[in-house]
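Colleague: Just need the whole structure built from these sequences, with the hints factored in.
So the sequence lines, in the order shown, correspond to chains A and B.
Residue numbering for the first sequence follows UniProt numbering, starting at 1 and increasing by one per position.
Residue numbering for the second sequence follows UniProt numbering, starting at 1 and increasing by one per position.
Hints are all accurate, no fakes.
For chains that are exact copies, the list does not tell them apart, and a pair is met inside one copy or across any two.
DSS-like, lysine-lysine: derived pairs with alpha carbons at most 30 Å apart:
#1 K285 - K263
#2 K183 - K242
#3 K83 - K187
#4 K421 - K393
#5 K311 - K242
#6 K393 - K74
#7 K242 - K139
#8 K75 - K86
#9 K309 - K242
#10 K393 - K263
#11 K373 - K425
#12 K413 - K242
#13 K285 - K242
#14 K311 - K285
#15 K373 - K355
#16 K183 - K114
#17 K86 - K285
Bear in mind the hints are in silico, worked out from the structure with no lab data behind them.
Source: prediction; values computed, not measured.
2 protein chains.
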Amino acid sequence: MIEVLDCTLRDGGYYTNWDFEENLTRNYFEAMEALPVSYIEIGYRSLLQNDYKGEYNFCPDYVIANARRYMPSKKIGVILNEKEIKPGDLRQLLGSCVGKLDFVRMAIDPANWKRAKSSAEEIKKMGFEVGFNVMYMSKWTAEYPSFIDDIAALNGVVDSFAMVDSFGSMYPHEVVEITCRVKSVLKCKIGFHGHNNTELAFANTLAAIEAGCDIVDATVTGMGRGAGNLRTELFLSYLSSKEGWNVDFNRLSTTVADFERMKEQYGWGTNLPYMVSGFNSLPQKDVMDWVTRRFYSINSILQALNNMKDKKGDNLKLPEFNSDKQHFEQAIIIGGGPSGANAAKAIKQLITKRKNKSMCLIHASSKNAGYYKDLDIPQFFCLVGNEGHRLEKVFADFDPDRISCVLPPYPRKMGTYVPEKLLGKSYELTDVTFSDLYQDSHTALALQIALELSVSTLYIAGYDGYDGLIGENERMLTQENEYLLSRIVDNNRQMEVATITATKYKGVKNLSVYGLLTE
Amino acid sequence: MIEVLDCTLRDGGYYTNWDFEENLTRNYFEAMEALPVSYIEIGYRSLLQNDYKGEYNFCPDYVIANARRYMPSKKIGVILNEKEIKPGDLRQLLGSCVGKLDFVRMAIDPANWKRAKSSAEEIKKMGFEVGFNVMYMSKWTAEYPSFIDDIAALNGVVDSFAMVDSFGSMYPHEVVEITCRVKSVLKCKIGFHGHNNTELAFANTLAAIEAGCDIVDATVTGMGRGAGNLRTELFLSYLSSKEGWNVDFNRLSTTVADFERMKEQYGWGTNLPYMVSGFNSLPQKDVMDWVTRRFYSINSILQALNNMKDKKGDNLKLPEFNSDKQHFEQAIIIGGGPSGANAAKAIKQLITKRKNKSMCLIHASSKNAGYYKDLDIPQFFCLVGNEGHRLEKVFADFDPDRISCVLPPYPRKMGTYVPEKLLGKSYELTDVTFSDLYQDSHTALALQIALELSVSTLYIAGYDGYDGLIGENERMLTQENEYLLSRIVDNNRQMEVATITATKYKGVKNLSVYGLLTE
Chain A
1 MIEVLDCTLR
11 DGGYYTNWDF
21 EENLTRNYFE
31 AMEALPVSYI
41 EIGYRSLLQN
51 DYKGEYNFCP
61 DYVIANARRY
71 MPSKKIGVIL
81 NEKEIKPGDL
91 RQLLGSCVGK
101 LDFVRMAIDP
111 ANWKRAKSSA
121 EEIKKMGFEV
131 GFNVMYMSKW
141 TAEYPSFIDD
151 IAALNGVVDS
161 FAMVDSFGSM
171 YPHEVVEITC
181 RVKSVLKCKI
191 GFHGHNNTEL
201 AFANTLAAIE
211 AGCDIVDATV
221 TGMGRGAGNL
231 RTELFLSYLS
241 SKEGWNVDFN
251 RLSTTVADFE
261 RMKEQYGWGT
271 NLPYMVSGFN
281 SLPQKDVMDW
291 VTRRFYSINS
301 ILQALNNMKD
311 KKGDNLKLPE
321 FNSDKQHFEQ
331 AIIIGGGPSG
341 ANAAKAIKQL
351 ITKRKNKSMC
361 LIHASSKNAG
371 YYKDLDIPQF
381 FCLVGNEGHR
391 LEKVFADFDP
401 DRISCVLPPY
411 PRKMGTYVPE
421 KLLGKSYELT
431 DVTFSDLYQD
441 SHTALALQIA
451 LELSVSTLYI
461 AGYDGYDGLI
471 GENERMLTQE
481 NEYLLSRIVD
491 NNRQMEVATI
501 TATKYKGVKN
511 LSVYGLLTE
Chain B
1 MIEVLDCTLR
11 DGGYYTNWDF
21 EENLTRNYFE
31 AMEALPVSYI
41 EIGYRSLLQN
51 DYKGEYNFCP
61 DYVIANARRY
71 MPSKKIGVIL
81 NEKEIKPGDL
91 RQLLGSCVGK
101 LDFVRMAIDP
111 ANWKRAKSSA
121 EEIKKMGFEV
131 GFNVMYMSKW
141 TAEYPSFIDD
151 IAALNGVVDS
161 FAMVDSFGSM
171 YPHEVVEITC
181 RVKSVLKCKI
191 GFHGHNNTEL
201 AFANTLAAIE
211 AGCDIVDATV
221 TGMGRGAGNL
231 RTELFLSYLS
241 SKEGWNVDFN
251 RLSTTVADFE
261 RMKEQYGWGT
271 NLPYMVSGFN
281 SLPQKDVMDW
291 VTRRFYSINS
301 ILQALNNMKD
311 KKGDNLKLPE
321 FNSDKQHFEQ
331 AIIIGGGPSG
341 ANAAKAIKQL
351 ITKRKNKSMC
361 LIHASSKNAG
371 YYKDLDIPQF
381 FCLVGNEGHR
391 LEKVFADFDP
401 DRISCVLPPY
411 PRKMGTYVPE
421 KLLGKSYELT
431 DVTFSDLYQD
441 SHTALALQIA
451 LELSVSTLYI
461 AGYDGYDGLI
471 GENERMLTQE
481 NEYLLSRIVD
491 NNRQMEVATI
501 TATKYKGVKN
511 LSVYGLLTE
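Modeller: Written as structure tokens, this is what we have:
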């Protein structure tokens with residue numbers, strides 16, 4: 001008889017930083033109470049951490065009491081991050097949960113399973129059912145060849161042992177093989193926690209069941225780290241149709257609808273980068289960060305994944321930027337905002353007007369570059385991530401002697417992609433000196449270029465900011481640009497910095513390019 | 001050596017009615033040309049039909065020429081709907097494609113395979129490679145037990161034979177079994193076309209390959225009827241990682257991004273209704289219609305699917321509405337718009353003012369009903385689809401002697417769900433007499449109730465219509481309401497009909513409830 005463990009809030013919390021609206025959690029708890037789900041893992045339990053995380057990362061006692069109120073008939077539990085636990089912490093962490101929680105699981109790196117065993121013994125003494133949730137299943141055979149035999153030592157210690165396909169990279173036949181081996185060693189209940197990178201979470205779960213797995217992990221709408229998990233509604237529909245389980249589809253669809261609405265905002269589920277990370281057993285932590293920030297193009301992410309797969313941290317060391325200590329009196333940074341195009345005529349006139357000064361242009365974005373192709377002053381292009389493709393098209397119209405590309409310092413986390421014909425014109429910075437944050441961004445690059453060129457006057461155009469309602473990405477970009485602009489102003493008092501087109505960004509003097517023309 | 005057949009435009013056309021933007025198709029064709037995909041099925045080829053369908057449902061010659069221009073190195077083909085073909089049509093349908101198309105497939109009901117064989121022979125004579133695409137794979141064994149043996153007659157006639165998991169209901173072990181049997185009978189290439197209702201499209205494809213399948217059907221982002229197909233990008237990522245195929249991920253991700261944007265609009269992919277239809281081998285045509293119109297709640301759809309599964313057309317015949325020929329002089333229909341709540345006070349005063357008339361209230365929607373709970377006149381509730389749950393909460397506050405529910409005529413396509421405690425108070429219409437369209441809608445029901453009650457004056461409140469930018473659903477609802485309102489006015493000249501709250505709907509006299517109070 002299969003049992004279902006739902007861990008929607010715990011694994012879904014990776015998307016919401018473990019904050020959930022009360023209405024949603026209540027509907028969810030009520031649905032779980034009504035559905036044939038045996039275990040509900042409501043979140044992580046942790047001690048205070050240095051960065052903010054929400055309610056369901058700590059599960060304070062009132063959260064547990066609330067869950068119990070709505071789910072009186074269910075086994076309720078939390079999971080601990082084994083690597084964060086010091087053995088002395090367990091009493092403090094779990095003492096007040098005794099009698100209130102049914103089970104405690106631990107997320108465990110297989111390298112640490114012995115240490116985890118000691119914690120398990122202590123947790124068990126406190127009266128909880130104890131579960132192991134052991135990660136990196138796809139690496140057990142190759143990297144921990146004796147692991148499965150060794151864990152015979154867990155008999156009598158743990159009540160359940162879940163195998164976690166952390167990378168979403170397993171195939172059904174591999175799941176069958178490992179499940180059979182684990183099953184032959186351990187007497188406790190065996191669980192399977194799939195990830196859906198390659199859309200095999202359900203097939204792998206069926207394979208695990210075929211091989212004798214007892215507990216299946218699932219989350220509503222598959223909400224979970226990276227590509228997410230087996231969907232609870234899929235597995236319950238299966239059990240309803242094939243095993244005749246009694247499923248209250250009204251309750252189920254009500255909570256599914258709640259999470260579907262959140263999914264439109266956060267967009268979990270698999271996509272090309274998660275597929276590639278899955279097929280190559282690469283961690284989804286970085287991929288999730290890249291994908292959800294929507295800052296990098298899919299191409300950049302795929303490039304980075306290919307580098308990871310080939311174990312290349314980076315694939316290209318470039319010559320140092322400005323090793324010959326060029327210097328310009330004035331520079332104009334052109335951003336990607338509409339004014340970078342609208343004001344192009346005025347900016348070009350300004351450059352003509354100041355032809356007695358040494359001037360250069362710095363393109364923070366490739367977007368508006370085309371408007372400046374006919375200028376005869378040096379132009380620098382910031383190349384972040386995988387923009388080489390876009391730049392390739394832009395470059396075709398430029399005087400090749402006037403242009404060069406500048407990349408962030410080596411090694412670049414996302415790898416380096418420079419189109420072949422730009423190779424001789426591409427340089428890297430040695431450092432970003434004026435800011436500790438956002439060092440990889442277009443704006444940081446553009447500002448650092450101005451510093452390296454020791455300009456006395458720096459004008460900035462095409463940094464319009466955003467009007468009206470803005471989304472998460474625009475908000476993040478605003479924050480980033482304001483931070484960087486304030487750093488450059490504060491740290492470089494000898495340089496005159498001004499935006500010269502209309503802008504919503506604060507903290508920098510805002511002149512008008514049109515006024516500079518009549519000056 | 002596996003070959004890939006991409007049929008994104010053909011199968012994805014079910015969502016866009018086979019119209020696609022030119023930029024998108026060009027990017028797609030260029031990507032296909034660059035990727036290791038052998039066959040591109042660009043659409044249906046059909047003769048003129050009675051209802052509008054777009055470019056890729058007919059694939060006129062210029063469409064084929066355009067596809068060829070961008071994909072000079074690929075095998076390009078179309079698919080025919082076998083059941084629509086008359087043998088005499090083939091020359092007219094395909095004559096101008098000779099030398100321009102490489103292959104022609106036919107979508108075939110297994111019941112018609114012999115008839116399809118004759119067409120295949122003729123198509124082959126014209127010089128095309130001919131493919132069978134045989135549907136309902138999950139029913140072959142039970143409903144067509146000799147089918148697989150019989151199709152030995154296709155040897156020498158067809159160049160490929162694809163097995164279509166039409167309902168998305170197959171399990172990998174079943175795919176292996178059927179593929180092996182087909183493979184033992186046919187000498188041509190064997191293909192597999194999966195659907196992703198239960199997220200097993202990829203696992204089933206791997207199973208088909210294991211059993212000797214030669215050609216795999218896929219679509220970019222899985223775009224395809226209902227829950228959609230195996231994703232091209234998933235399968236190519238697999239082939240790249242596991243088989244070392246050379247995949248240009250830049251090209252691939254560019255076309256994937258185009259289709260992902262469309263997916264946000266059309267929302268293909270699986271969900272609870274598709275899962276239930278999949279697990280029970282139910283056709284996704286109706287489900288797709290229900291899901292994409294977003295008119296019915298998930299609960300209604302699940303109810304309808306359960307009825308289908310149990311082979312119940314409908315599960316409840318109710319007593320006829322108004323069999324005792326009640327009559328009211330005046331009725332007020334309350335819709336779900338904000339004015340149905342905002343004007344509640346005025347409407348209730350109007351009812352008090354006219355207490356010398358016999359009056360009743362008809363709730364087209366349950367949304368605003370609560371505002372009218374303290375009235376002592378009869379109130380009728382329109383119960384469409386699965387609204388019973390919502391009504392259950394609303395009803396609690398009403399005087400039980402004053403209320404009744406009215407449902408559309410029997411049998412109801414979506415089945416009937418009436419909460420138990422409302423059963424004695426629920427009736428069905430025998431007919432919707434004043435309109436040929438939208439007979440199942442809330443508004444049709446409300447208006448028909450007024451007709452059945454032979455009211456002389458019908459007031460309508462809470463039909464506000466929509467302001468500003470509206471989406472597809474609001475547009476459809478507007479069209480529906482305007483049509484129904486104009487029908488009731490045109491067909492019932494003896495009844496005075498007027499909206500009495502602010503409305504954007506045209507064609508009905510618009511009075512003011514506030515004016516009626518000062519009259």
